[in-house]
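S.K.: Residue strings, one per chain:
Protein chains: 2
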Amino acid sequence: MSTQAPDFPSYSPGILSLLPLYYVGWADSILSPSEVKLIRNKVNELEFLTIAEKRQLVEWTDPSNPPAPDLFKHWVNVLRKQAIKLPKGTKKSLVELGLEMAKKSSTDQEILQWQTEGAKEALHEIEEALGIQNSQSFQTIFQDQESTEPGFNIKTLKALLDDKYADTRDRMRTLLSDPAFKLETIREKDDYRNQVLTWCKMLADRGFGALSYPSEYGGKDSMGDYIATFEMLGYHDSSLAIKFGVQFGLFGGSVMWLGTKKHHDKYLADIGSLKLPGCFAMTETGHGSNVRGLETTATYDPKTNEFIVHTPNEGAGKEYIGNALHGHMASVFAQLIVDGTNHGVHAILVPLRDDKGNLLDGRRVEDCGYKLGLNGVDNGRIWFDQVRVPRENLLNKFGDVDEQGNYSSPIENPSRRFFTMLGTLVGGRVSVPRAGLSSAKTGLAIAIKYALKRRQFAPKDGMPETILLDYPSHQRRLMPLLSKAYALDFALTHLTHRYVTRTEEDVREIETLAAGMKSYSTWFTTKALQECREACGGKGYLAENRFADLKADTDIYTTFEGDNTVLMQLVSKGLLSDFKKSFHDEGFMAVLRLLGSRVGFTLTESNLFFKRNTDIEHLVDPEFQLEAFKYREQKLLISVSQRMRDYLKKKIPGHDAFLRCQSHLLVLANAYVEHVILKQFINTVNAVEDKKLKTVLKRLCDLYALSTMEEHKGWYLESEYMHPNKSKAIRRVVTRLCKEVRNDAGLLVDAFDIPKQCLAAPIVL
Amino acid sequence: MSTQAPDFPSYSPGILSLLPLYYVGWADSILSPSEVKLIRNKVNELEFLTIAEKRQLVEWTDPSNPPAPDLFKHWVNVLRKQAIKLPKGTKKSLVELGLEMAKKSSTDQEILQWQTEGAKEALHEIEEALGIQNSQSFQTIFQDQESTEPGFNIKTLKALLDDKYADTRDRMRTLLSDPAFKLETIREKDDYRNQVLTWCKMLADRGFGALSYPSEYGGKDSMGDYIATFEMLGYHDSSLAIKFGVQFGLFGGSVMWLGTKKHHDKYLADIGSLKLPGCFAMTETGHGSNVRGLETTATYDPKTNEFIVHTPNEGAGKEYIGNALHGHMASVFAQLIVDGTNHGVHAILVPLRDDKGNLLDGRRVEDCGYKLGLNGVDNGRIWFDQVRVPRENLLNKFGDVDEQGNYSSPIENPSRRFFTMLGTLVGGRVSVPRAGLSSAKTGLAIAIKYALKRRQFAPKDGMPETILLDYPSHQRRLMPLLSKAYALDFALTHLTHRYVTRTEEDVREIETLAAGMKSYSTWFTTKALQECREACGGKGYLAENRFADLKADTDIYTTFEGDNTVLMQLVSKGLLSDFKKSFHDEGFMAVLRLLGSRVGFTLTESNLFFKRNTDIEHLVDPEFQLEAFKYREQKLLISVSQRMRDYLKKKIPGHDAFLRCQSHLLVLANAYVEHVILKQFINTVNAVEDKKLKTVLKRLCDLYALSTMEEHKGWYLESEYMHPNKSKAIRRVVTRLCKEVRNDAGLLVDAFDIPKQCLAAPIVL
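Residue numbers (my numbering), protein chains in the order written: chain A, 231 to 995; chain B, 231 to 995.
A portion of the hints provided could be inaccurate.
One copy or two, either will do: identical chains are not told apart, so a pair holds if it fits within one copy or between any two.
[To be verified] Each computed EDC-like pair below joins lysine to aspartate or glutamate, with the alpha-carbon atoms no more than 16 Å apart:
#1 K385 to D983
#2 K880 to D300
#3 K492 to E446
#4 K450 to E418
#5 K881 to D292
#6 K394 to E355
#7 K881 to D300
#8 K586 to D292
#9 K303 to D886
#10 K431 to E596
#11 K880 to E289
#12 K880 to E355
These are calculated hints, taken from the structure and not from any lab test.
If you're wondering where the values come from, they're calculated on a predicted model, not measured in any experiment.
Work the whole structure out from these sequences, hints included.
M.R.: Below you can see the structure in the form of structure tokens.
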């Protein structure tokens, strides 16, 4: 499609002064006969034009003979060349640009005429005649013509993405590039599971398993490094990531966070080295999301100083338990019953197999069989038939039973105790979306690299076929996803920071954040990989190109570690109770008045301008973007609060009231998460010092912000937050941003620095 | 959650007269102090009330003591019981309902007082005081309380779905219920492929393979029965469906539609019996969507009266070819070169293997290896090295070469010839979405049946846990998909009818329709199965519950038989050229004026009422729904036409102009397809005579129409087709419809009559 423009003469100052206006005039619309007449008259009146210039300029207004594509391209080139010479960063109107260009190519004598107010005024009149809004600046017009920031350094970007765990990430990159970690298709589950177990041991041998444990047990006391390791495995084989997470994060984590020193001393080192493979046996067939309803019991027998762990019925069997076929021990979550009293769900260590791997008496284990994905993980079902374990096997940090059968707990309130114990799951909710994001990034890298190589359909016979990523529909398909991948990366880094530095005060808030980020991110992963697979056509369907595994393995991320739909409701409940709490003293009406006035701000008559403001400067203003996201969150929060309050006033039971608001709650949680993500993205862009990188990231951030608003345009229009013209303007800007980001796309996926061996899809080689 | 309401007294006529108003007043809003005062005054003024009745009615207006949930439920029961006695179909306001109820329970003496205008007026005043819009009729209020049509017969529905191919469908149901067709997980591709080949032979032996061929070749000359067979295989194993389609539909179809009698006589019987397994070798690695750019050549050699079939470079190898490992022959699409002249792409039969299955000289075949799904299909790559085949192997219906090397064709125009030959693909585009829909229906049946059994979370300790499908979010998740599955079923049946009765006049229109339906339906399948998998949580991830295969196998449907994104652009191009053609004489401005006035109708000031009409009667009026869908299609068509015209006027090359409108074109195609689907759904409902079935289907149709409009509310609001209040009202109606359809959901999936052996997911047993 790149035809060489024929040779055009260089332009005189007079022509140059009007070129920006002419360009935009022809680019954006057909000139009507009356416009043409007006322009011609104006041109003929201009004192600073020569007769030859006037003739040329009048000729260029002929609607029956508009500038040919080649001439038009030449204009673009001239304008861009001149524009580059101008000082960077200054925003100029088209008129100013024209004057500047005229000046630069004038002799010293001529130069003065371009500095009079008269010249400027005359040009503005033409601008008006052309129907060009004076808000359009030259940057606006030429942005989509500019290529990427030349010389933008992806190493700086990689460092930003790798954050403070760059060292662990690089060590993992080296390891995953080792031939021992070469990916291969192993169809039989038993073989595949053995391969994954072998890999898992290699990781443990190199100290990756124990990273989050204290140094006395071989660790580094760094949850952040553990999470970074887990994330890197998302680029490789997700079965390995999950096996790793089950062993070191869930099983090990339960011992570390729910157990006490005696358990740490006895088990942690062996868990970290994988000498003691174990399970996290929480979910039951009958109870997944509703953990509190688990039916397995651990009944204290004071006569023998033992707990009797028992599965009361078939449906109370432990379900989907990772490591069930390889594990020698399990943290079993069960109703703790002491002397006839149920103290609620507690975790207790139950040996499963002897040293030789033989199943112990009273345990029954069944293979879950083949799954949609993750077939390298040995998931199974476990039933217990009156299994006796010593009293000290109770992980007793938050609830203990003494020899005499007295129950005690540092947390009085059973409900708070339950949620504190469940807090051990939060680490999983911080980690899983990171591994999922790595898989999504792998898919994006493959799809984008392929789209930069693959051609299909030529504009004309004999011409080269068009590169896929030059199709606007392909840009629309992939670029917003790329921007969201970056957005999520920064937001998940923020979540990790918050999580590893959490205190008792902010732990609840972080749990809400983790629940929301986990759900939003894993849904993104599913969606992005689907889109990427389709974008690669038939090639995307071949197992060799990785989408088969990437998609299948991550599909369950939306379910495990908390079903996304359930988690999103938790998020909203958290937001609602914070909302109620923070205004407790003032009363509800005060809240509404307060927030009403704040949120309602943009809706007042005096802000008609805001609603209709379609200037690009406004749309890419972070303040506007943040305001829009915040507005959505707060408006939803207030309206759902009102609805809940109305229902409760009518004595509708809380559970019913929640059900009636369920869809509303899910939307609220979505708005909250997106607001958090945008805030982090903007903070990240602001903190970047490298100017070129800043420009690239700002563009990505704009694409994330505006494409997200575009997704929700139904809501924004329904809420009358914006005028239809504004939502149309957003669509246009998104299209333009997609085109611009397309130029950076290759570098942006390279910056992920995905180990080549993980990216080894033949279509991108 | 079903608590038995305590015993309440039966109500006196006076109470009954006001009960509908009271119910709605309390159900929809909190009563404000001033409203309470007003109502109390009115009640005390009513002459027809006794003192006891007045006391009771005043008591029930106490905002500090609103009616308890039990009492409220009692009201619903009373109202519903009374309502059932009323003549069906009559639309009554709440006031009328109250009067009717009062009359029915009055003595003959009392009855008169309810017939005075005074009583009616008084009630209307209360209605007003309660702030109830008088548009609300009793049907509106109680619709969501009604259970399904009692006694609605799913056999009638099954017959409707099975259409005129019920016989073939039932034969397939019997066959697929045979133990020989029991589904099993076969992980190794070679074993799996052999199983599929065996099944395919069983189908051929029973005459299913030849159904579309003339009777002299063992067939029934019925493309409709072939399509029905293919559709049924979508319930079973999609690898079998695709293998079946490649052999009998594509390979056999190419011989039948592109070949002439000599080819039919020689091959069709053997193809139908699977004695001659073959391939449809069109796609190449370098050229998928762009068939015209294929590089394989078939060069005529007059010396030997042969064609030389050749792959000029590695990337010109045939790719993803089904039956490549089992096939003995291939219809190869190649550039036909005669005496140095390229006559464009033609199909030619090339033997691949001898009778013993050994590959012949000059052919190279490579296994495509494992794929995301469909691993029971032997897809491969094929290269030809100067392979010679006799002249008569050219499928010569649309282009022939005589012995002397003279090319001739019944179609002069090479472009028309090319598209006529490609028309053989249309059968695939009619069939594939049907098989995909069967897979989606299987997924929906499993997810809905599971959601009707599975419980999670109790409203309160000690109460039974809630059934998943009683959660509004779960209804929102699955019910619109169910309605869309029905919508697509009827629309695809319509497509089949059109296709099997096509004439030369409407073939172009049917091709457009097929391209659109194929894309829209297969995207639906992907989306629906994803949602169903997630809705089944961890259980949905286990291979035994079928989603693994259903999802993986159908994933490629969005790509093969024409990439969806490419097809949707074809659809829009078809619409655009029809549009231009149909108004050719009048000129473009006349078109705009004409359509502008028609489409603009609802936008005029005088139609402010329409934009704001939120009455349910209006929203479920098929005329409104059709108008809304049509408006979207036409407005998009006009605006894209305008844009194209503007670009072309500016001398922007056609290809570039199309690119600039690409996203717009995709939206237009979507609008067109949805309009077609709604029309067919409405036609189907109208044609149903069984009243109960009609009611059930009308509700589904409303859910399809309104949930689709809800999806596009951004567009409708942006176009100012409706006021935000209307789009909010649509959301509320969709929520209500989801709740209502939930009651029919079990029966609606039973009506698919999916063979039990195909539905054999342990979670629904």
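S.K.: None of the hints should be skipped; say for each whether it holds.
M.R.: Hints versus structure:
1. K385 to D983: within (9 Å within a copy, 59 Å between copies)
2. K880 to D300: Classified as between: cross-chain Cα gap 12 Å, same-chain 71 Å, threshold 16 Å.
3. K492 to E446: So K492 and E446 pass the 16 Å test inside one copy only (13 Å; across, 84 Å).
4. K450 to E418: The answer is neither: 36 Å in one copy and 43 Å across copies each exceed 16 Å.
5. K881 to D292: between (74 Å within a copy, 13 Å between copies)
6. K394 to E355: neither (56 Å within a copy, 70 Å between copies)
7. K881 to D300: Answer is between: at 10 Å across copies they meet the 16 Å cutoff, but 73 Å inside does not.
8. K586 to D292: neither (90 Å within a copy, 73 Å between copies)
9. K303 to D886: Between copies, since 13 Å is at most 16 Å while 63 Å is not.
10. K431 to E596: The answer is neither: 24 Å in one copy and 37 Å across copies each exceed 16 Å.
11. K880 to E289: between (75 Å within a copy, 15 Å between copies)
12. K880 to E355: Neither way: K880 and E355 sit 64 Å apart in one copy and 24 Å across, limit 16 Å.
Checked against the numbered hints above, the structure breaks hints 4, 6, 8, 10 and 12 and satisfies the rest.
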